[in-house]
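K.L.:
Listed below are the residues making up each chain.
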Amino acid sequence: MALSKDEVLKVGALSRIRLTDDEVERFAGQLSSILDYVDKLNELDTSGVEPLAHALPLHNVLREDEPRPGLDPQKAVGGAPESAGGFFRVPRVIDDGSSA
Amino acid sequence: MSGAEPIPTIGMEVHLHLATHTKMFCACAVEYDAPPNSRVCPVCLGMPGVLPVMNRKAVELAIRMALALNGTIPDFAKWDRKHYYYPDLPKNYQISEYDQPLGVGGYLDVPLDGETFRVGITRVHLEEDAGKLMHPEDGACSVVDLNRTGTPLLEVVSEPDIHSAEQARAYGETLRQLAVYLAVGDCNMQLGQMRFEPNISLQIGTDEKGRPRFTPISEIKNLNSFRSVERAVAFEIARHRQEYEDDPDGYTLERLGKSTRGWLDDREETFLQRSKEEANDYRYFPEPDLVPVVPDRKWVDTIRAGLPELPEHRRRRFIKEYGLPQYDAGVLTADREVADFYEEYVRSAANTDAKTAANWMMQDVMRILNERKVAIAEIRIGPGDVAEVSDMVVTGTINRSTGSDVFAKMLESGKSAAEIVEEENLAQTSDESELKAVVDRVIAENPGPAEDFRGGKERALGRLIGQAMRATGGKANPKVVREILVRKLRG
Amino acid sequence: MATIDLTACRMRDALRARNLSAVEAAGACLEAIDRLNPGIRAFLSTDAQGARRRAEEIDKRLDAGEDVGLLAGVPVAVKDNMCTDDGQPTSCASRILENWRAPYNAHVVERLLEEGAVIVGKTNMDEFAMGSSTENSGFEATRNPWDLDRVPGGSSGGSAAAVSARMVPMALGSDTGGSIRQPAALCGVVGLKPTYGRVSRYGLVAFASSLDQIGPFGRTVEDAALLLQATAGHDPRDSTSVPEADQPVPDYLAALDEPVAPLRIGVPKEFFGEGLDAEVEKIVRDALAVYAGLGAELVNIDLPHSTDYAIATYYIVATSEASSNLARYDGVHYGHRSSDHADMIDMYMRSREEGFGDEVKRRIMLGTYALSAGYYDAYYKKALQVRRLIRQDFDRAFEKVDCIMGPTSPTAAFRQGEKTDDPLTMYLSDVYTASCNLAAIAGVSIPCGFTEAGLPVGLQILSGVFTEERLLRIARMYERETDWPSRAPPVCGEAP
Ligand SMILES: [Mg+2]
Ligand SMILES: [Zn+2]
Chain P
3 MALSKDEVLK VGALSRIRLT DDEVERFAGQ LSSILDYVDK LNELDTSGVE
53 PLAHALPLHN VLREDEPRPG LDPQKAVGGA PESAGGFFRV PRVIDDGSSA
Chain F
122 MSGAEPIPTI GMEVHLHLAT HTKMFCACAV EYDAPPNSRV CPVCLGMPGV
172 LPVMNRKAVE LAIRMALALN GTIPDFAKWD RKHYYYPDLP KNYQISEYDQ
222 PLGVGGYLDV PLDGETFRVG ITRVHLEEDA GKLMHPEDGA CSVVDLNRTG
272 TPLLEVVSEP DIHSAEQARA YGETLRQLAV YLAVGDCNMQ LGQMRFEPNI
322 SLQIGTDEKG RPRFTPISEI KNLNSFRSVE RAVAFEIARH RQEYEDDPDG
372 YTLERLGKST RGWLDDREET FLQRSKEEAN DYRYFPEPDL VPVVPDRKWV
422 DTIRAGLPEL PEHRRRRFIK EYGLPQYDAG VLTADREVAD FYEEYVRSAA
472 NTDAKTAANW MMQDVMRILN ERKVAIAEIR IGPGDVAEVS DMVVTGTINR
522 STGSDVFAKM LESGKSAAEI VEEENLAQTS DESELKAVVD RVIAENPGPA
572 EDFRGGKERA LGRLIGQAMR ATGGKANPKV VREILVRKLR G
Chain X
162 MATIDLTACR MRDALRARNL SAVEAAGACL EAIDRLNPGI RAFLSTDAQG
212 ARRRAEEIDK RLDAGEDVGL LAGVPVAVKD NMCTDDGQPT SCASRILENW
262 RAPYNAHVVE RLLEEGAVIV GKTNMDEFAM GSSTENSGFE ATRNPWDLDR
312 VPGGSSGGSA AAVSARMVPM ALGSDTGGSI RQPAALCGVV GLKPTYGRVS
362 RYGLVAFASS LDQIGPFGRT VEDAALLLQA TAGHDPRDST SVPEADQPVP
412 DYLAALDEPV APLRIGVPKE FFGEGLDAEV EKIVRDALAV YAGLGAELVN
462 IDLPHSTDYA IATYYIVATS EASSNLARYD GVHYGHRSSD HADMIDMYMR
512 SREEGFGDEV KRRIMLGTYA LSAGYYDAYY KKALQVRRLI RQDFDRAFEK
562 VDCIMGPTSP TAAFRQGEKT DDPLTMYLSD VYTASCNLAA IAGVSIPCGF
612 TEAGLPVGLQ ILSGVFTEER LLRIARMYER ETDWPSRAPP VCGEAP
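Read top to bottom, the protein sequences are chains P, F and X.
Going left to right, the first sequence walks through residues 3 to 102 as the working numbering numbers them.
Going left to right, the second sequence walks through residues 122 to 612 as the working numbering numbers them.
Going left to right, the third sequence walks through residues 162 to 657 as the working numbering numbers them.
Next up, chain P with everything else stripped away, as it sits in the complex (with noise of 0.2 Å):
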């Protein structure tokens, strides 16, 4: 499976990571051999087999509904590139994409 430099840079703009030329040259490569090596896995028939996500057979852990402290305001924007008045502080922000 070889990654074109097209896909290298779409893959490092959906991951929000900037790239060089000379990266996106080097990582295509490097990305293009670890797949072929990950191909591997269609040796194998994996028909009928159920995806093992959670290894640990836990499930229904809760916790109660009890409201318990948190940060100090000041501790929570402590360690934040730019804040005032209690906010973090972003770039202008113009489309309002939140699509919670």
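Hints were generated in silico from the structure; no laboratory data involved.
Just so you know, these numbers come straight off a predicted model, no measurement behind them.
The beta carbon of each residue, even a glycine, is placed where N, CA and C say it ideally should be.
Fair warning: there could be bad hints in the mix.
[Stated by the list, open to error] Derived DEER-like restraints, expressed as beta-carbon distance ranges:
(1) X:Arg425 with F:Lys379: 51 to 61 Å
(2) P:Pro71 with X:Asn461: 51 to 61 Å
(3) X:Pro404 with F:Glu375: 46 to 56 Å
(4) X:Gly535 with F:Glu375: 14 to 24 Å
(5) X:Pro397 with F:Asp474: 52 to 62 Å
(6) F:Asp422 with P:Pro71: 33 to 43 Å
(7) F:Glu375 with X:Pro397: 47 to 57 Å
(8) X:Arg425 with F:His142: 47 to 57 Å
(9) F:Asp370 with P:Glu84: 43 to 53 Å
[To be verified] Far from chain X, by Cβ distances over 10 Å, these chain P residues were calculated:
(10) Ala4
(11) Lys7
(12) Asp8
(13) Asp23
(14) Glu27
(15) Asp67
(16) Pro69
(17) Pro71
(18) Ala86
(19) Gly87
(20) Gly88
Knowing the structure of chain P, use the given hints to seat chains F and X with the ligands on it.
P.N.:
Structure of chains F and X with the ligands alone, referenced to chain P:
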């Protein structure tokens, strides 16, 4: 095969905040109007090394809502991560339930204009809310408050069974009523505790193979009032019609797919946010930091047993059991506590019938609630107190209008109806000889109306009764006064 | 015997007997760090002042006859991906967290403090635990104490080297695909990866959530058992931490010297195949012979999916989870933000470009690709299916045998820079270790000899879920027959 009348085909995604004390995955209090970033901890800030732990109450409320929507609770539900970069989402992924949600299927019957229509429910799932991103008017920055981050959100996804703007609004209102009834959420619209995302398409006849054809689907994001739901849907229906008329071959679902639109409340129009090509790649995958929810039979049965009677069922029962008109039944069942109050009132009244009690509820009790903007639990009198005063009217101890005054005084003083009537000497007079003297004086002082009544004008009688009531300070029994008047003027 | 030559358990005995003070113990370690760390670079940060203050406090409590806990006064080092709210950095050896101070303690750090340990510093690692040589540190490479031109293994190379060079008697590491066991083997110490769910991950900066597990390094099996004892157990803040009622924490030290008999050892042919260095093979087979001499039965078994397929599976599962876990480093709420940006998205892209090293970028992109629309089924889902096959291989094997043995790493420590240009070759360093994480079972690496060049070789022992108590006893059986733990790297001999 165009030409057939287009049928608006609308589904709706509704997000509502659950009525929990704490967030979905951490113990921070849900109080997002607190000072910025004061209800946060390393977990909801998405700091390195933190892990989520599920809030039991949120899971139970989600199951409660799914059951009330006649849905099925699967044996297995799991969490997934949905990825998108946004500064109000500290982990840059939202924990949600993608393909195995807590509630599947069901329906909601929605009353509208004296009839009901049924909207299928696709799924009910839990997720966490994002924080708040604000854009101060000065300067080149946006700012983020994460108090709301991690608030438990319930998402209810409907089938495309809604066919008009009015229906879209009614569906939203009925869903809100249900959630409030179940104490699943407070659904305070001003606080943004409920948000609507209708997706709209028009069915425009069928293709040559007889399959329905549709205009492209447009999803309107983040509507937060019923009015905006109705207006935005109406706007979109009209827009789709126009676009389709302009280009019947091009404006189709097949060609254009789905787009996302925003709503400008002041301009009352929608605008394009994202077309199909720019659709997000959310890269869902199972959340490895959480274990699945396995709602066993016993757990679900316990939650089911705790369900109250649902508003639509109760409305129908009120019509049948109490003989109430549609309107009264609707008003009295809209709020669960008002309906409970009413039923307790009917039970404790000795002489007041159910319809009379309904009138007292609407004319006296609920009027006060509306005037004072309080909940029924917040007033100082109970169902038994209202029964006491309305029984006094029915048995003739006081007249109806005195009854209303007594009710108001009960609210102020907290005294019983009997005490107030006794202290203020409000009991009505039915004594014939005393009232005959009053009637004679009224006839003498109002020759005009008396003559009118003799001449056949029934309505004149009312004025004479009114005068007699005033002359007795409201204490006269209006029934007895009426009898004496009729006797004297006709006799 | 010099203080730093004491094992953790003997140091603990001396502290309890008041033959040694906590201040002396901490002082000895800090002195060794001052002397050796400039050459080895095992520590990213040390807290001499904090450690001395804490040691004084523990001495006072010990003098007053208080029970100060399992580790009372014993110095310990912590990998730099575990949060400490003591004002020291928790950087994960990444530029993106260079100036970040955690506002909370990891569960394991709380446990260490509750048990009276003295945390002397935070150890170097491959950035975000991604690597097998500690050369991917965003700050500096750690050197192997046995040969400073060679790598200590990784990603917990700093912890392994620190224990190996006797700068601390024990340390915590984390193991996602071999990151405790492989550096333990390359540095000649004991390193244990507990069963997934045994030790809380709360406060461990996530690399791959379904694989990460914290575990101990020590010079002896007994020391590893002691540190596991102090850190294992349920934590309600980690939903994947196993409840006490399901899996109580046994007393790992109580019967440590009791041999497991009868003992059936599974020897998978896949662990002795192509790519295994001949010298390493011979040393490992000699170790197996020691077990046979102790009466153990060696049983040939098959683990058909546990080497190449495990690596392929591992690099999809781990990178997918990592691409998600590392999405949060975006310059908004903490960590590095690029000073030069046009808008919000550009700020994200430049902050991450500047903050992450090459290997991290590679893995984020690989994981993003594997999860992206159209590729999920071919990569991520496929990998999870093979993951189940791997687990099934082990379940079947453990019906027949008590444990599985083989080499921890196909080679002894390799040279600095030898594999940095070829990620895939580097990935193959984990060829025998990754399947253990995918199957969520327990594994340990113990020293089992030296190559001609004087480099340590590790024996890997794998056992079923929550069988650490037996696993440690099995490891101890061999250790008693050898004197590997008493050997110190030459670099230690340069003490004044
Ligand atoms: Mg949603
Ligand atoms: Zn929180």
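K.L.:
With reference to the structure, classify each hint as holding or not holding.
P.N.:
Verification of the hints:
1. X:Arg425 with F:Lys379: 51 to 61 Å: Given a distance of about 60 Å, which is inside 51 to 61 Å, the answer is holds.
2. P:Pro71 with X:Asn461: 51 to 61 Å: 58 Å, holds
3. X:Pro404 with F:Glu375: 46 to 56 Å: 53 Å, holds
4. X:Gly535 with F:Glu375: 14 to 24 Å: With a Cβ separation near 20 Å, Gly535 of chain X and Glu375 of chain F satisfy 14 to 24 Å, so the hint holds.
5. X:Pro397 with F:Asp474: 52 to 62 Å: Cβ of Pro397 of chain X to Cβ of Asp474 of chain F: about 57 Å, so the range 52 to 62 Å holds.
6. F:Asp422 with P:Pro71: 33 to 43 Å: 36 Å, holds
7. F:Glu375 with X:Pro397: 47 to 57 Å: Taking Cβ atoms as reference, Glu375 of chain F and Pro397 of chain X lie about 52 Å apart, which means the hint holds.
8. X:Arg425 with F:His142: 47 to 57 Å: 54 Å, holds
9. F:Asp370 with P:Glu84: 43 to 53 Å: 51 Å, holds
10. Ala4: Holds: least Cβ distance 13 Å, greater than 10 Å.
11. Lys7: 13 Å, holds
12. Asp8: 13 Å, holds
13. Asp23: Consistent with the label, Asp23 of chain P stays out of reach of chain X, its closest Cβ about 13 Å off (over 10 Å).
14. Glu27: 13 Å, holds
15. Asp67: 14 Å, holds
16. Pro69: Fine: 15 Å to the nearest Cβ keeps Pro69 of chain P off the interface.
17. Pro71: 13 Å, holds
18. Ala86: Check passes; 14 Å lies beyond 10 Å.
19. Gly87: 16 Å, holds
20. Gly88: Holds, since 13 Å exceeds 10 Å.
Going through the hint list in order, the structure satisfies each hint without exception.
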